[in-house]
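Novice: Chain by chain, the residues:
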Amino acid sequence: MTTRSDLIERASLIAPNSVHLPWVNRVGRWSGWIGAVVLFGWMCHNLDLSVDVLAQGFTKLGNLTKAMLPPFANGAEINILQSLLVTFAMALSGTALAVLLALPLGIAGAKTVIRNSGVHFSIRRTFDVLRAVPVLVWALIMISAFGLGPIAGVIALALADFPHLAKQFAEALENSDARPPQAIIASGGDRLEAVRLGVLPQVIPVMASQSLYTLESNFRHAAILGVVGAGGIGFELQERIRIFAFDQVAWIVLAYVVGVTLLDWISSQIRARLT
Amino acid sequence: MSSAIDQAMDSDRTALSLEQIVADFETERSRHLRRGRLVQLLQILIITALLGGAFQVSGLFSSYLGDGAMGRITDFLGRLLPKLQPDHLFADRATAGSFAFWFYDLNLWVKLLAETVQIAIVATVLGAILALPLSFLAARNLTPALWIYWTVRRTSELVRTLPDIIMALILVAAFGLGPTPGVIALTLGTAASLTKLFAEANEAADIHQLQALQSAGGNWWQQLRFGLIPQVLPNVASYVLLRLEINVGAAAALGIVGAGGIGVELSRAITFTEYDTYFAVLLLIVRLIFLLDLVSEAIRDRLTGTEHAA
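Sequence order for the protein chains is C and E. Those letters in the first sequence? Residues 4 to 278, per our numbering, in order. Those letters in the second sequence? Residues -17 to 292, per our numbering, in order.
Think of the hints as simulated: they come from the structure by calculation, not from any bench. Each residue gets a CB set at the ideal place from its N, CA and C atoms; glycine is no exception. Mixed in with the good hints there might be a few duds.
[What the hints assert, rightly or not] Selected chain E positions facing chain C (in silico; Cβ < 7 angstroms): (1) Ala36; (2) Leu42; (3) Gln100; (4) Ala156; (5) Ile271.
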C-alpha cells in the first residue's frame, strides 16, 4: 500500500516540473501578482477611492435611496411619459437615418463587392476612426450646431451609429453564401434577379436584426443625450436631480426601465421571427 | 387481384380530379399570396407611420432646419479647426498658430487621459471580480438553486437597462464631483454585463470535468477552480478585455456629467466655446482608443494563441 506522499515523490522523480513549479517560475508568478495588486492599489489611490470617501458616499447614497421611496411623480406623469416618447422618437429617427447612411457605405465596404483591396482597406479604416468617437461627443458638437433639442440628438445618434452599422452590413454581405446568386445566373437569371432572389433573402434578415439591435441601444443612448441638452427623458432626469427631487427621479427611472424592457422584448420577438 | 383493381380505380380517380386539384391549388396559392401582400402592406404602413411620427416628434420636419442646416454644420466644422500658421508651427505656447498654442493645456489633458484609463481599468477589474462568483450562481448548470439563478439573472438585466451615464448622474449627487462616482457606475455596469457573459461561458463548459473532480472527492470550490476555470479562462479573459475597451470609451464620456476623466475638459471646452480645444481633446481621445484597441487585440491574440498551443 503506497501512501499519498510516496506517490507524489515518485511522480516528482519521473517529471520534476509536473508536481511543483520550479522556484524561478513560482517567484516570477508571485511577483507578477504582487506587482498587479500594487499597481491596482496605486490606481485606486490616484482616483481617491479610499474607505473614508466610499463610506461617506454610500451613507449619502443610502439617504438618497430613502428619499426615492416611494417613487412619486408629483403630477408630472403625463409630462414624463411624453418625454419618454420623445426619447423613443429620437432613437427611431436616429436609427432610420443611420441605416440610410450605412446601406451604401456598407455595400461599398464589402470585400466581395469592391475587390480592390486598397479601397476596401481605406473605407474600413475610416469606419474604425469614426467608431472611436463616442455618441456624447457627437451630441455636444450637434447641440452647438443646432441648438438645444431632440434634432441635435437625432443627428448625433445617426452619425455615431452609421459606421458600426456599415461595418456590420459589409460583414453580412461578405458572409453571405455566394452560390445562390451563381445558381440563379446559371439557370438564366440576370444580375438584378441574382441580387434580388439570391443575395437579398440572405442579408436582409441579418441587416434588419442588426438595425433592431441598434434601435435598442439607441434608446439607451438617447436617454443619455437628454442629459447634455437634447431633450427627452434624460433632460427631465437631470432637472429632477438638480433640485434633489429624488422621489421623482425614482419614478422617471422606473418608467424608463419599463420602456427599455418593453422595447427590448418587442424587438427580440421581431428578431426571433426574422431568423 | 383486388389490389390491382383498387390501384386502377385510384389512378382513374386521380386523373379525373387532377384539374380540380390544380384549380384548388391555384386558388389556395393566390389566397396565400394575397394575404402575404396584405401583411406586407400593413407592415409598411405601420413602419411609415412610426417613422413619420418619430421624425415629427424629434423635430426633423420643423422649418428652421431647412434654412442652412448644412451651412451651420460646415460653419461649425470650420470653427473646430485651429488657425495654424505655417511659418511658426513649432513655436512655443505663447505664439498664436503653433501646435503648442493649439494644444495649450497638453499636460493637464495627458493627466486626465491617464485618469480616464485608470477609471476604466479599476472599474473593469472590480466589475470582473464581482462578476466571477455571480456568474457561477447565474449559470443554469452550476447554480445551487433555481431561485438564486433567477434572482441574479433578473438583477443583472435590470442594471444593464440603466446606461452608465444615468447611473453616474445619480451617483455624482451622492459622491460629489470627481472620479469616484464614475468608477462605481462603471463597476456596476461591468459587473452586470460580465455576469451574463461569464454565465453563458460557464453554461457552455464541459460538465464532465467537474463530475470527474467530484467523483475524486473535490468539493464545490475545487470543482470550479480546477474543472471549470481552466475551461472558461480564454473566453473570460477576452470578454474582460473587450469590456475594458468599452469602459475606456465610457470613462471618456463620464466627465461630461462631472464623474472624472477627460470628459470634464470636453464639456468645459464646449461651454467656453473653445471649439479648437474641443477638437484637440477629441483627437487625443480617438488616438487613445485606437492605441488601446491595438494593445488589447495583441493581448487577445496571445491569449487565444497560447491556449491553442497548450
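Novice: For every hint, state whether the structure bears it out.
Specialist: Hints and how they fare:
For Ala36 (chain E), the suggested interface contact is upheld, since its CB lies about 4 angstroms from the closest CB of chain C, less than 7 angstroms. The closest approach between the C-beta of Leu42 (chain E) and any C-beta of chain C is roughly 6 angstroms, which is under the 7 angstroms cut-off, so the hint is satisfied. For Gln100 (chain E), the interface hint holds, since its Cβ comes within 7 angstroms of a Cβ in chain C; the closest pair sits about 5 angstroms apart. For Ala156 (chain E), the interface hint holds, the least distance from its beta-carbon to any beta-carbon of chain C being 4 angstroms, beneath 7 angstroms.
Below 7 angstroms, beta-carbon pairs count as interface contacts, and Ile271 (chain E) has one with chain C at about 4 angstroms; its hint therefore holds.
Every hint from the earlier list agrees with this structure, and none is contradicted.
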